Amino acid sequence: MISYTEKESNRTLIVLSAVVLIAVLVDLFLIFQFAPEERSMGHVQRIFYFHVPSAWISFLAFFVVFVNSGLYLWKRDRKYDLLASTSAEIGVIFATLVLITGPIWGRPVWNTWWEWSPRLTLFLVLWFIYIAYLMLRSFVDEEEKAARFSAVFGIVGFVDVPIVYLSIRLWRDIHPSPVIAGGQNSGLHPDMKIAFFFSLFTFTVLFFLMLLHRLRVERTAIAVRELKRQMAY
Amino acid sequence: MITTKSKLVSIAITLLLACVSHAQVARLVHYDGVLKDSEGTPFTGNVDVTISLYNRPAATEAAWSEEHRAVEVEDGKFSVLLGSVNPLKLSFYEYFLEVEVPGAGFEPSPKRTMIVGSGYNFRMWFLFAAYTIVWLALFLYMAFIGRRQTKLRSELQALAAEKGSV
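The listed protein sequences derive, respectively, from chains A and B. So for the first sequence, our numbering puts the first residue at 177; every next one is plus one. So for the second sequence, our numbering puts the first residue at 19; every next one is plus one.
Mixed in with the good hints there might be a few duds.
[To be verified] With a straight-line cut-off of 25 Å between C-alpha atoms, the simulated DSS-like cross-links for lysine-lysine are:
(1) A:Lys255 with B:Lys169
(2) A:Lys404 with A:Lys321
(3) A:Lys321 with A:Lys255
(4) A:Lys404 with B:Lys181
(5) A:Lys369 with A:Lys255
(6) A:Lys404 with B:Lys95
(7) A:Lys321 with A:Lys369
(8) B:Lys95 with B:Lys54
(9) B:Lys169 with B:Lys181
[As the list claims (entries may be wrong)] If the Cβ cut is set under 10 Å, some of the chain A residues that face chain B in the computed set are:
(10) Arg252
(11) Leu273
(12) Leu376
(13) Thr380
(14) Val381
(15) Leu382
(16) Val400
(17) Met407
[What the hints assert, rightly or not] To spell it out: a stretch of chain A is covered by chain B in this simulated footprint if at least three of its residues, at any positions, have a beta carbon under 8 Å from a beta carbon of chain B; those stretches are:
(18) 221-231
(19) 279-290
(20) 385-392
Note that these hints are calculated values from the structure, not bench results. Treat the numbers as computed from the prediction; the structure is a model and nothing was measured. C-beta atoms are modelled at their ideal positions from N, C-alpha and C, and glycine is treated no differently.
Just chain B, with the same shape it has in the complex:
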């Protein structure tokens, strides 16, 4: 017999799992960039790209950095997933992103771009909300019908006892 207590425990475990899974989701930020040579012509080919995040616009030491090897650039456009090489463990709020293409003679413009927590944080909350609502609703419904069954069973037993004593 599943008791209300064990149901509450299962709800708590589910919520805990939801939190754990939320925390364990790989933190990745999709970044699209444009690469042009010194004459402004869009580049096509493969290049190594180093991306760094700084706390301040003029900071010299990067808070996080990773190198993407042989990134495919087509008509100047390339895209990388930040955090796919070196895990992003920053509390995302506001950082300054710098792109470097070592040895290829490219000068990124602007030098540093400000990025805010619209990366994974913003969208993750939608996912987390949807996930929590679904499982909370389903477990609450199961708890509700379980409680109703317990109530009805005791009523049935009481009635049967009353009938037997008459």
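Just chain A, with the same shape it has in the complex:
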């Protein structure tokens, strides 16, 4: 049984929601007004400010899956499985947004929606891995079995994340080279950096807000199931 105080949970959600709302508004200003226009791509480059943070959040979400899957297999505590499964769902949403915003940026800049380059292909594989993770959970009826299987899948599946991250450093790719920690000839305009890092912050807080909301739903669902079980006896 997972213990939590609903009042505390509600307070945290309200505070986080307020932070997210303010952050989104500030982020809007930074992306559309503050950050300078990129010289060769024009305004379409501004997609970068939510495409890259979406990718970062999907990596963070899958890392949460990885850590909690390991913890579940070690301690067999249901709370770790809950965290892993909810995080995987949110990670898939952000990964889907990466796969949508990427081609929308690519069409005017590369003149193509999609290229089977290492980075793009590996990211698509990553998306399929976590879609499979969610499908696996829904196909196995027994809760404990589903948690165990998906925990193993969650650990193995994470192997693709560092490969996706390193792909543009290891192989030639149509995808732009890294602009953060990308070496001597890379970098961002200082104002672009502010907009980018603030966007990263906004998306990170949003991720935790979504995770808490989703966990609350799962906990209520568990309470409903337990009550039904008790009443059946």
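Given the structure of chain A, go ahead and fit chain B onto it with the hints provided.
Quick look at chain B alone, frame taken from chain A:
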């Protein structure tokens, strides 16, 4: 407790903000030009450049105009951002662009170039689409889990009441 109604309001506000931000984005068009002297030699140095947009090829009155001072020209090539001096408030579709370099003895060729809405309008739609999709998807997901929570809570309360009455 956040209701479905307030969530819908927040979605509407977000969409409104998206429209407002879209409308408020500075309208700028990147323009690359080539400057050669009367003998056809690429010019290097700094010049004042006046750029005007006309509705028709033979129009005498410019629909919009701006002057860029001391533009850096290297090996004949220069680039300016139209709208950075005098805001571009034209509904971009089709205009005729004229470059003038006053007093330097340059004759731009061709005299006027047609430009179409491939400037900010075309690319802005991609940005607007990406932005709307991201926030709409995230808010729809939040609305979905909020609705699910409300449903589960009422189910839990009904079950608890039923259990109490048994």
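Here is how each hint holds up against the structure:
{"no.": "1", "hint": "A:Lys255 with B:Lys169", "result": "22 Å, holds"}
{"no.": "2", "hint": "A:Lys404 with A:Lys321", "result": "21 Å, holds"}
{"no.": "3", "hint": "A:Lys321 with A:Lys255", "result": "15 Å, holds"}
{"no.": "4", "hint": "A:Lys404 with B:Lys181", "result": "9 Å, holds"}
{"no.": "5", "hint": "A:Lys369 with A:Lys255", "result": "37 Å, violated"}
{"no.": "6", "hint": "A:Lys404 with B:Lys95", "result": "76 Å, violated"}
{"no.": "7", "hint": "A:Lys321 with A:Lys369", "result": "45 Å, violated"}
{"no.": "8", "hint": "B:Lys95 with B:Lys54", "result": "9 Å, holds"}
{"no.": "9", "hint": "B:Lys169 with B:Lys181", "result": "18 Å, holds"}
{"no.": "10", "hint": "Arg252", "result": "26 Å, violated"}
{"no.": "11", "hint": "Leu273", "result": "5 Å, holds"}
{"no.": "12", "hint": "Leu376", "result": "14 Å, violated"}
{"no.": "13", "hint": "Thr380", "result": "13 Å, violated"}
{"no.": "14", "hint": "Val381", "result": "12 Å, violated"}
{"no.": "15", "hint": "Leu382", "result": "7 Å, holds"}
{"no.": "16", "hint": "Val400", "result": "5 Å, holds"}
{"no.": "17", "hint": "Met407", "result": "6 Å, holds"}
{"no.": "18", "hint": "221-231", "result": "holds (count 5)"}
{"no.": "19", "hint": "279-290", "result": "holds (count 4)"}
{"no.": "20", "hint": "385-392", "result": "holds (count 4)"}
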